[in-house]
Each structure stands twice: as C-alpha cells, then as structure tokens.
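> Those sequence lines, one after another, are chains Z and R.
If you count the first sequence from 1, position 83 lands on 83 in full-length UniProt numbering, and the numbers rise without skipping.
If you count the second sequence from 1, position 164 lands on 164 in full-length UniProt numbering, and the numbers rise without skipping.
Just so you know, nobody snuck in bad clues.
Cβ-to-Cβ under 8 Å is the rule here; a few derived chain Z residues that face chain R:
hint	residue
1	I19
2	E20
3	D23
4	N33
5	S34
6	G35
7	A36
8	Y37
9	T38
10	V40
11	G41
Below, in silico cross-link-like pairs of lysine to aspartate or glutamate (EDC-like), each with a Cα-Cα straight-line distance of 20 Å or less:
hint	chain 1	residue 1	chain 2	residue 2
12	R	K175	R	E136
13	Z	K2	R	E20
14	Z	K167	Z	E120
15	R	K430	R	D301
16	R	K19	Z	E11
17	R	K16	Z	E11
18	R	K78	R	E55
19	R	K175	R	D425
20	R	K28	Z	E115
21	Z	K2	R	E22
22	Z	K109	R	D160
23	Z	K109	R	E34
24	R	K16	Z	E47
25	R	K19	Z	E8
26	R	K16	Z	D44
In case anyone wonders, no lab produced these hints; they're calculated from the structure.
Because the structure is a prediction, the values reported are computed rather than measured.
Think of the CB as a built atom: it goes at the ideal place given N, C-alpha and C, for glycine as much as any other residue.
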Amino acid sequence: MKGIVFTELIEMVESDLGIEIADRMIAGGNTQNSGAYTAVGTYDHAELIHLVVALSQETSIPVSELVRTFGKHLFVRFFELYPQFFSGIESATQFLPLVETYIHVEVRKLYPDAELPSFECQQTGEVLAMTYRSKRPFADLAEGLVLACVDHFADAIEVARTDIGEKNGTEATFTLTPKTTNCLLAETV
Amino acid sequence: MSELELLNRRFERERKARKEAESLLEQKSLAVYEANQKLQRMADQNRAIVETAAEGILSYDENGTISAFNRSARLIFKCPSMVGKSISSVFAMDDSCRAVLFPASNVATDVFPPGAELATTDDTEVCQFTLPDAIEVAATKFDGKPFQSEVAVSRCQRGDGVVFTAVVRDLSKRKAMESRLRQAQKMESVGQLAAGIAHEINTPIQFVGDNIQFLQSAFNDLAGLIDLFEQLEKAVAEETPTAELLEKIATERELADLPFLREEFPGAIEQSLSGIERVAKIVRALKEFSQPMSEAKTSIDVNRSIENTLAVTANQCRNVGHVELDLSADLGLVSCLAGQMNQVWLNLLTNSLDAVTEHRAEGERHIRISTRLVANDSLEDEVEVCFEDNGPGIPAAIQERIFEPFFTTKEVGKGAGQGLSFVHDVIVEKHGGIIYVQSPPQGGTRVVVRLPIQCDSSIQRRTHARSAY
Chain Z
1 MKGIVFTELI
11 EMVESDLGIE
21 IADRMIAGGN
31 TQNSGAYTAV
41 GTYDHAELIH
51 LVVALSQETS
61 IPVSELVRTF
71 GKHLFVRFFE
81 LYPQFFSGIE
91 SATQFLPLVE
101 TYIHVEVRKL
111 YPDAELPSFE
121 CQQTGEVLAM
131 TYRSKRPFAD
141 LAEGLVLACV
151 DHFADAIEVA
161 RTDIGEKNGT
171 EATFTLTPKT
181 TNCLLAETV
Chain R
1 MSELELLNRR
11 FERERKARKE
21 AESLLEQKSL
31 AVYEANQKLQ
41 RMADQNRAIV
51 ETAAEGILSY
61 DENGTISAFN
71 RSARLIFKCP
81 SMVGKSISSV
91 FAMDDSCRAV
101 LFPASNVATD
111 VFPPGAELAT
121 TDDTEVCQFT
131 LPDAIEVAAT
141 KFDGKPFQSE
151 VAVSRCQRGD
161 GVVFTAVVRD
171 LSKRKAMESR
181 LRQAQKMESV
191 GQLAAGIAHE
201 INTPIQFVGD
211 NIQFLQSAFN
221 DLAGLIDLFE
231 QLEKAVAEET
241 PTAELLEKIA
251 TERELADLPF
261 LREEFPGAIE
271 QSLSGIERVA
281 KIVRALKEFS
291 QPMSEAKTSI
301 DVNRSIENTL
311 AVTANQCRNV
321 GHVELDLSAD
331 LGLVSCLAGQ
341 MNQVWLNLLT
351 NSLDAVTEHR
361 AEGERHIRIS
371 TRLVANDSLE
381 DEVEVCFEDN
391 GPGIPAAIQE
401 RIFEPFFTTK
411 EVGKGAGQGL
421 SFVHDVIVEK
431 HGGIIYVQSP
441 PQGGTRVVVR
451 LPIQCDSSIQ
461 RRTHARSAY
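Could you build all of it, start to finish, from the sequences and the hints given here?
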C-alpha cells in the first residue's frame with residue numbers, strides 16, 4: 001500500500017486527536033518501522049490495519065467508523081493534492097466511473113507496481129452501481145471516499161452499501177441513487 | 001509522557017522517514033537514469049532502423065510540416081533533408097493525393113477500400129491502414145521531375161496532435177521494367193504472328209505463281225498461233241494461197257493443245273484470283289488487327305474482331321483442325337479499346353490452342369468460340385464471349401492465381417505469365433467487364449468474358465470471378 005495512506009492517517013490523527021493519541025496509535029500498532037512512513041514508499045497494508053485497531057482501542061471508536069472517516073479525509077486530501085483529476089467534473093456520478101478508467105491508469109504510469117483495487121461501474125438510468133473489489137479488506141475506506149465524493153459535489157444522492165462475496169470487506173457494491181427519485185417512489189407508494 | 005518527549009519521538013520518526021524518502025529518491029533517480037539510457041538506446045536503434053530502411057519514411061503533422069525524412073526518402077526525392085518543409089514540396093497535392101496523405105480517423109473513405117484496418121494501443125490511437133491494393137501517388141523529385149510513387153500512410157493520434165507517417169517507394173524502375181516487359185511480350189507475339197502469317201501468305205502466293213507461270217508458258221505457245229492467224233488474215237485479204245499457212249496453223253494448234261488450254265485456263269485464273277483474295281483477306285485482317293493501341297474507345301464489331309484474330313492465327317489454328325465459331329448476328333457494336341480487345345482474344349485463343357495442342361491428339365482437339373447478347377443484373381445489355389476448349393483444364397488449387405501477373409503453368413521460357421493478367425486488366429479495369437473461368441475436374445476450360453455495350457470503367461468496375469464446377 002502506498003505510503004501516502006499511512007502519512008495521511010497519522011496527520012489526520014495528529015490534527016484531529018492530537019500528537020499524543022497519534023503517538024499511542026503508532027506505539028500500539030507495533031509496526032515494523034515504528035511509524036516512520038514516507039508518502040512515496042510502499043508498505044504492507046496489514047500495518048495500516050494494526051494502526052487503526054490501535055487507534056480504535058485508544059479512542060473506543062469502532063474500526064469501521066475510523067476507516068470510513070479516514071476515507072473521507074483522504075478524499076479531501078486527494079482533491080487538494082491532485083486537482084487535475086477533478087477538472088471539468090460536476091458530479092459524483094460523473095467522477096466515480098473515472099477512478100478505474102482514468103485515475104488508476106495515471107497512477108499506474110507513476111507507480112507500475114501499485115496494487116490498486118478495482119471499481120466497476122454500471123449506470124442504469126440515473127442510478128450508478130459501483131462495485132469495489134480488492135485483495136485488502138478496505139470496503140469501509142472505499143465507502144468513506146464515495147461518501148466524501150458525494151459531499152464534495154453536493155449531490156442530492158443517497159449511497160447504499162451492499163457487502164458482497166465473502167463479506168470480509170474485500171467486496172462491496174455502492175449504489176448511488178438520486179434522492180428525488182426516492183421521494184417520487186415514496187410518494188407513489 | 002511530556003510534550004517534549006512526544007515531539008522528540010515524532011522528530012525521530014520524521015527523520016527516519018526523511019532518510020527513507022532520500023533513499024527512495026536515490027533509487028528512483030537511478031531507475032530514471034537507467035530508463036533514460038534504455039530509452040536513448042531504443043531511440044538510437046529506432047533512428048538507425050528508420051534511417052537505414054530501404055523505403056522512404058516521412059512523418060508530418062496535420063499542416064503537412066515534415067518532422068522526419070529518412071535517408072531513403074532523400075535518395076528517392078533526390079533532395080536534402082526536408083524536415084521543417086511542407087509535404088507539398090515532394091508530392092503533387094491534388095485532391096486524391098491529399099486524401100491518401102491525410103487519412104481521417106474514420107477510415108471509411110473511398111481512398112481506403114474495405115480491408116483497411118484501424119489498430120489501437122492502450123495510450124495511443126493508431127490508424128494503421130493495411131491496404132489490399134497499393135496506392136499510387138504522383139510525386140516530384142527535387143529537380144522538379146515527376147514520378148509515380150507507392151505510398152502507405154499510418155495516422156497516429158498523440159497528446160499534442162496527429163502525426164502521419166508515410167512509407168514511400170519509387171515506382172519509376174518498376175514502371176520502366178513493366179513497360180519493357182510489355183514491349184518484349186508484344187514483340188514476341190508479333191514474331192509468332194509474323195511467322196504464321198508468312199506461312200499463310202506463302203501457300204496462295206506459291207500456287208498463284210505456278211498458275212501465272214503456266215499461263216505465261218501457254219501464252220508463248222498461243223503467241224505463234226496468233227501470228228499465223230494474222231498472216232492468214234492478210235493472205236485471205238490479198239487472195240494469195242493459204243494452204244501452207246493452214247498447214248502451219250494446224251501444226252501449231254496441235255503443239256499448243258488448244259482443247260487442254262481451253263479446259264485449264266478458267267481453273268488457273270479462278271484459282272489465282274482466289275489465292276489473291278486469300279492474301280488480300282489476310283492483309284486486311286492484319287491491318288485491322290494491328291491497329292495502334294489507342295487510348296480512345298471506338299465502336300467495334302466483336303464478331304469481326306474475333307474473325308480477324310482467327311485469320312491472323314490461321315496457321316496455329318490449323319493444328320486444331322477446325323475452330324468452331326458460333327457468333328450471334330445481333331450483337332451490335334461495342335465501345336472499347338479496339339487494339340487491346342484484339343490482344344485479349346488473341347491471348348485467350350492462344351491459351352486454348354496451347355492447351356489442346358499439348359494435351360490432345362490430332363482429331364480430338366476442339367475449340368469453340370461463341371458470342372451472344374445477355375442482360376446483366378441491372379438488365380443492361382452485355383456482350384458475352386465464350387472460349388471453350390477440351391484441354392486439361394485448370395486445377396482448382398491454382399484457379400485463384402491465374403490472373404496474377406507473372407503466374408504461369410507453362411514451362412520455363414514458354415509463358416511470361418502476362419497473358420491472363422493483361423486480359424483481366426483490359427476487361428475488368430479498362431472496360432468495367434467481368435471475366436470468369438470454369439474448369440470441371442474431368443478437364444476442359446471455359447473462359448467467359450462479359451463486356452458492357454458502353455464500356456466505361458469509371459462507371460462500374462467489377463472484379464473478376466472464378467468458379468469451378
């Protein structure tokens with residue numbers, strides 16, 4: 001996993017919860033390099049899990065919620081660091097299909113060895129179904145990213161998550177439905 | 001834990017991270033350097049390949065500004081590097097040339113026929129045209145001398161625009177060789193025809209000569225009798241004795257054998273006139289047959305054209321015994337290149353003659369030529385000419401190749417492989433007709449030519465078809 005995920009996690013914890021909690025998270029995570037991450041390095045994804053579990057123990061916040069929150073933070077940071085990917089995009093349903101076909105293609109150019117998750121999108125009318133698949137159990141992280149994306153574009157969209165496969169967090173489908181459609185359906189019912 | 005201690009621990013993590021980042025940066029720099037070296041080698045190699053390629057290679061952008069111009073291109077166009085110059089300085093940029101040199105991304109143009117393929121790569125759109133037929137384009141050498149070139153163009157969509165790459169071949173030598181080959185073939189045909197015609201003329205000339213010698217000899221005999229008759233006429237008029245004269249006349253008449261001469265003279269004269277007519281007919285046919293290869297179409301009588309062909313090949317046809325003709329009387333005239341059409345019949349007839357002569361015994365050889373008026377799919381009238389023979393036929397395996405230039409089944413030194421290629425070119429390309437061959441497994445060949453009454457290749461150009469029974 002790319003180091004930027006680790007450095008962003010530590011920075012988020014430092015910023016939101018303070019330097020002491022961040023230090024405890026690193027100490028509790030008992031990682032191989034004692035929390036010395038560089039954004040351009042590549043590290044074992046298990047270390048991130050150890051860090052989040054340690055943070056959960058320190059804060060008593062469930063791991064899934066922490067990871068989802070981190071996903072939202074990551075999206076904001078990605079927008080700050082890589083604004084070119086967002087140029088000319090006006091909605092989440094327009095942006096999310098580009099993750100696989102454009103953003104991941106560009107990432108692979110810089111990091112040919114990057115092991116990226118797959119995001120398969122299927123548009124049916126106004127409903128977008130985005131299926132996340134990875135070797136790693138980070139469906140929560142993906143959910144945080146998707147939710148932050150919807151917030152970023154201020155879309156009136158509801159996101160529903162369905163865990164699929166072995167339901168261990170490696171596969172999930174996120175269904176993005178316009179809120180107005182739901183209202184109409186509710187009125188009809 | 002004190003804040004200072006926390007900051008120290010954080011500082012230590014940051015320091016370690018920085019060192020790791022520096023190490024990674026060094027590794028990355030090394031990797032980039034090695035990649036650069038590799039790219040440089042590849043670029044050098046590619047440059048060497050392009051520069052030493054046997055064909056001219058030019059790259060240019062949408063405005064026609066040349067960005068690459070290899071060594072062969074410089075040799076072909078006899079010029080220094082044209083990088084930075086316009087493509088129009090080496091090609092005659094008419095509409096058709098422009099369409100070839102600047103193919104659109106949607107390849108369905110008239111210039112690129114079905115078969116042109118579009119290939120794409122992951123990050124680059126490349127239109128690679130695989131052309132079933134080479135495209136000939138008029139080009140200009142640096143000294144202004146025009147020449148025919150063969151061009152294949154690919155189109156490459158890059159981030160910063162479109163790049164076209166043209167592979168160019170100079171066709172001057174090939175055109176000259178084809179011209180020489182055609183001339184040589186023509187001369188060979190002319191030689192064969194001349195030998196046959198000489199033989200055809202020789203026979204009647206011989207018996208006409210014999211008859212005239214006979215008439216001359218007979219006239220010498222008759223001349224003495226005529227003198228005696230004149231003397232007799234004078235003696236009678238002067239009332240002098242005529243007995244001696246009458247005796248002389250009787251003797252001379254006996255010697256001249258007048259009954260024999262009276263019987264033989266009409267035959268000799270008739271035979272001589274017939275011989276002279278035969279010669280005149282051959283000369284007439286030859287004159288019509290060997291009219292210049294005009295580029296202008298004229299109206300011809302196809303039946304007469306075939307008869308002329310038979311007349312000039314009478315000597316070769318005699319080996320067959322009899323070439324059966326079934327010519328329809330209601331064909332009318334066909335607008336075509338008369339001289340080339342005569343050559344077509346000659347080629348088809350020669351093929352049939354060779355086939356039956358080599359593979360059939362005397363008395364078994366059979367060639368039949370027929371013509372008829374037929375309607376095509378559009379219900380327009382066409383003239384159909386059919387050459388049939390009972391030779392060995394054409395094996396199915398080679399039926400696809402018989403119209404290829406230089407393809408021949410004849411032994412080395414006998415066939416140039418140009419006959420059917422020429423026939424195809426004339427019938428299909430120049431007259432918009434069709435030609436197909438049928439050859440059943442048991443032998444025999446049937447070549448069918450169909451010509452529109454108004455032959456205009458620009459209106460309809462149809463490919464030949466081949467079919468087996």
